[in-house]
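S.K.: Count along the sequence shown from 1, add 907, and you get the number used in the numbering used here.
Hint data in this document are derived by calculation from the structure and do not stem from the laboratory.
Quick caveat, the model's predicted, so the values are computed rather than measured.
Heads up, a few of these hints could be off.
What follows is a set of in silico ranges between Cβ atoms, one per label pair, in the way DEER data are often shown [said to hold, decoys possible]:
#1 Leu921 to His1197: 23 to 33 Å
#2 Arg1198 to Pro1133: 46 to 56 Å
#3 Lys1006 to Thr937: 58 to 68 Å
#4 Ile1137 to Pro1002: 20 to 30 Å
#5 Pro1184 to Arg1140: 17 to 27 Å
#6 Arg1136 to Leu980: 27 to 37 Å
#7 Ala1214 to Thr1009: 25 to 35 Å
#8 Phe1048 to Gln947: 31 to 41 Å
#9 Thr1009 to Ser1113: 32 to 42 Å
#10 His1197 to Val945: 33 to 43 Å
#11 Ala949 to Leu989: 29 to 39 Å
#12 Val945 to Ala985: 20 to 30 Å
Taking lysine-lysine and the DSS-like style, the derived pairs with C-alpha atoms no more than 30 Å apart in a straight line are [said to hold, decoys possible]:
#13 Lys978 to Lys1098
#14 Lys978 to Lys1006
#15 Lys1098 to Lys1072
Note that CB positions come from ideal geometry on N, CA and C, so glycine has one too.
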Amino acid sequence: MHSIPAGNSLEVDLRHLRAFEVLLRERNLTRAATILGVAQPALSKTLAKLRRYFADPLFVRAGHRMEPTAKALELAGAVHALLDDATMLRARHRPFDPKTSTRTFSFSVVDSGLVRLLPRLLGYLEEHAPGIRLRVTPIEFDELEAALETGRLDFAMGSFRSRSKRIRRQTLWSVGYVSVVRRDHPRLGAKPSLASFAAERHVLVSTAGTGHAHQLVERALERVIPPERIVCRVPTFMAAAYAASRTDAVATLPAGAAEELGDALGLRAFATPTRLPRIEVGQHWHERFHREPGSQWIRAVFAELFAREDDKDVQARSG
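Go ahead and model the full structure; you've got the sequences and the hints to work with.
M.R.: Below, the structure written as structure tokens:
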């Protein structure tokens, strides 16, 4: 146990310890402030208070990084445990009833996932939990684990793998891909050859740097489409689908999203004439909130509505 220096009358609360935890992981004051949702000067004041409280620098500058001192590393386990215990204490004394709750759940998901999830999810909430609200929050991959740890996100939907043992994952379904063009496309028929497919202009969805497994599909397409035929790279599937609906370009999308968008945008789907990997999609959450009643409930809702809803039937219809 760490002793407080004699005469130390400072008060340190859970917010200070949460800031310590984020700084320990990020090793960067600016990035930690962003994750915590505070201004950098405010975080600097928090760090100064922690330094006085523990009578130690805790973090020292090394280039652009803030490296922890030996004492900071020694404190890490106790701080993690205390914050975990505080989360569980709140959960035990704050009952959750979805029928009466007005809680807002925040989660992240790529836009193709929203197309698939949102209509059915909102319908379920309207019937079973009318006061519950949802907030879809875009998060960079390198901030995702911190957002889950601090509770900024309740969970994340996607096809990525975390390096942290404290991030839990439940696989819900797998995703296959099809290609789409506008219905009156002048050249591509229902079953184009690989050569004719590769000769067209393509809009590719790029998730480079996001940790999303779609990168595997992107690389597979790059192996068969000449670089000069990739006329645009976009960050969202919706943008690619819209571009294909208004031009002669080809877009390659998750099969479920292609089916949902097909009628609305006048798109025709066909089996991509090259082998593309299937992607497993799951929900991810932090160990700290594993037993928190509200988090357990919303994860169970997603599992009930969407578990093992593979889109093989969609791909079969596109062929």
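S.K.: All hints are to be evaluated individually against the structure, with a verdict given for each.
M.R.: Checked hints:
1. Leu921 to His1197: 23 to 33 Å: Between Leu921 and His1197, where Cβ atoms are some 19 Å apart, the hint is violated.
2. Arg1198 to Pro1133: 46 to 56 Å: Holds: the Cβ-Cβ distance is about 52 Å, inside 46 to 56 Å.
3. Lys1006 to Thr937: 58 to 68 Å: violated (42 Å)
4. Ile1137 to Pro1002: 20 to 30 Å: Between Ile1137 and Pro1002, where Cβ atoms are some 53 Å apart, the hint is violated.
5. Pro1184 to Arg1140: 17 to 27 Å: With a Cβ separation near 19 Å, Pro1184 and Arg1140 satisfy 17 to 27 Å, so the hint holds.
6. Arg1136 to Leu980: 27 to 37 Å: Since the Cβ atoms of Arg1136 and Leu980 sit about 52 Å apart, the hinted range of 27 to 37 Å is violated.
7. Ala1214 to Thr1009: 25 to 35 Å: holds (27 Å)
8. Phe1048 to Gln947: 31 to 41 Å: violated (22 Å)
9. Thr1009 to Ser1113: 32 to 42 Å: Roughly 38 Å apart at Cβ, these two residues keep to the hinted range, so it holds.
10. His1197 to Val945: 33 to 43 Å: For His1197 and Val945 the Cβ distance comes to about 26 Å; the hint is violated.
11. Ala949 to Leu989: 29 to 39 Å: Hint violated: Cβ distance 22 Å, outside 29 to 39 Å.
12. Val945 to Ala985: 20 to 30 Å: Distance hint for Val945, Ala985 holds at roughly 23 Å.
13. Lys978 to Lys1098: Measuring from Cα to Cα gives roughly 65 Å; hence the hint is violated.
14. Lys978 to Lys1006: Violated, at about 47 Å.
15. Lys1098 to Lys1072: violated (44 Å)
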